[in-house]
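2 protein chains.
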Amino acid sequence: MQLIHAPASPFARKVRVLASETGLLPRIELVDTAVLPVTLNERVNALNPLGKIPVLLTDDGEALFDSRVICEYLDSLHDQPRLFPIEPTMRWRTLRLAALADGLMEAALLVRYERAVRPVELQWNEWAEGQLGKVRRALLALEAHVEELQGPLHIAQIAVACALGYLDFRFAELDWRKGLPGLASFQASFAARASMVESTPA
Amino acid sequence: MQLIHAPASPFARKVRVLASETGLLPRIELVDTAVLPVTLNERVNALNPLGKIPVLLTDDGEALFDSRVICEYLDSLHDQPRLFPIEPTMRWRTLRLAALADGLMEAALLVRYERAVRPVELQWNEWAEGQLGKVRRALLALEAHVEELQGPLHIAQIAVACALGYLDFRFAELDWRKGLPGLASFQASFAARASMVESTPA
Chain A
212 MQLIHAPASP FARKVRVLAS ETGLLPRIEL VDTAVLPVTL NERVNALNPL
262 GKIPVLLTDD GEALFDSRVI CEYLDSLHDQ PRLFPIEPTM RWRTLRLAAL
312 ADGLMEAALL VRYERAVRPV ELQWNEWAEG QLGKVRRALL ALEAHVEELQ
362 GPLHIAQIAV ACALGYLDFR FAELDWRKGL PGLASFQASF AARASMVEST
412 PA
Chain B
212 MQLIHAPASP FARKVRVLAS ETGLLPRIEL VDTAVLPVTL NERVNALNPL
262 GKIPVLLTDD GEALFDSRVI CEYLDSLHDQ PRLFPIEPTM RWRTLRLAAL
312 ADGLMEAALL VRYERAVRPV ELQWNEWAEG QLGKVRRALL ALEAHVEELQ
362 GPLHIAQIAV ACALGYLDFR FAELDWRKGL PGLASFQASF AARASMVEST
412 PA
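Sequence order for the protein chains is A and B.
Residue numbers for the first sequence follow our numbering, beginning at 212 and rising by one.
Residue numbers for the second sequence follow our numbering, beginning at 212 and rising by one.
Bear in mind the hints are in silico, worked out from the structure with no lab data behind them.
Some hints here could point you the wrong way.
[Stated by the list, open to error] Cross-link-like lysine to aspartate or glutamate pairs, in silico, DMTMM-like; alpha carbons within 25 Å at most:
| hint | chain 1 | residue 1 | chain 2 | residue 2 |
| --- | --- | --- | --- | --- |
| 1 | B | LYS389 | A | GLU253 |
| 2 | A | LYS389 | B | GLU253 |
| 3 | A | LYS389 | A | GLU359 |
| 4 | B | LYS389 | B | GLU354 |
| 5 | A | LYS389 | A | GLU358 |
| 6 | A | LYS389 | A | GLU340 |
Construct the complete structure from the given sequences, taking the supplied hints into account.
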């Protein structure tokens, strides 16, 4: 398999971490690329019309996206405990938590596009602040339900860890750990896993 | 159950259409609201820290999001054929197609925010054009694989129909049917279903 990815993408990192944790990484060739909404990447566009990464090329030659679909697909290929829970109560709670982490990443990425990609004279502070509000509320909700991040490994732990890693990477000035001791403790422990260390963006 | 939604949201419409098609709609109270990234909606924020709709309040008092999680949850509650296929080949193909439709909606929504919400002097045409490029490539890909939209009802058909319905609602000037006879034919047929007619945004 091939994973078209970028080291800076938190969505791609989710896939790498899941692949590493489930023993699938040796079967996946990592192919680096870079995408931005305002530039064309023909190679990515040919595999994913949305021009987004990650994209997984399966051994059957199928190009899968987006990161959630890839993660669930990879989770069907290994023999270890499933990272997408089957038991209903646990499944919906975990998928909601993973969706919260994805939404946090999405909002942070939109702030990044607003402040680092858009010409400075066209930046709209209300937009960036609105997206940062989503980030802040998501962080408070994660702290309030930090017990959902305990226990056996599941996809939401990976998604949350990659979302927080993205804040460390691009939004160090947010100082997200302040006032969130439970979440800070979760991340201190989770970020030490080999899967996280080896996928830390430079 | 309660569905917090807005008639204009294509993501919320997916949930309504799925609920209608599976006979679950009578069990769901529709609660109208409106959200924008630059305004606070405390009621929605209390249920979904991301401030996005749809949100489903289950009979157990859980607030589920996002639309994909809600759709898969509702799909587990009825006795008719599953709209999220179980068989692997069909499952990954369908989830990819649904992700493509979600990405089309997401890109179109960002264009809407750029052109109808952001102050005109701060608008960046390259951004809107970049997002419209995603929309156009997604449409071409859907036309090229329109056979995947045939056969028994599945979640991707609903997602694609709601994405195309959103283009009709907000982007009539795109004239998306031009040059896409297969997709236009699919939509002509699908949009006539009662589930789609009753959820058409005004």
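Hint-by-hint comparison with the structure:
no.: 1; hint: LYS389(B) / GLU253(A); in the structure: holds (23 Å)
no.: 2; hint: LYS389(A) / GLU253(B); in the structure: holds (23 Å)
no.: 3; hint: LYS389(A) / GLU359(A); in the structure: holds (20 Å)
no.: 4; hint: LYS389(B) / GLU354(B); in the structure: holds (11 Å)
no.: 5; hint: LYS389(A) / GLU358(A); in the structure: holds (19 Å)
no.: 6; hint: LYS389(A) / GLU340(A); in the structure: holds (19 Å)
Against the hints set out earlier in the document, no violation occurs for any number.
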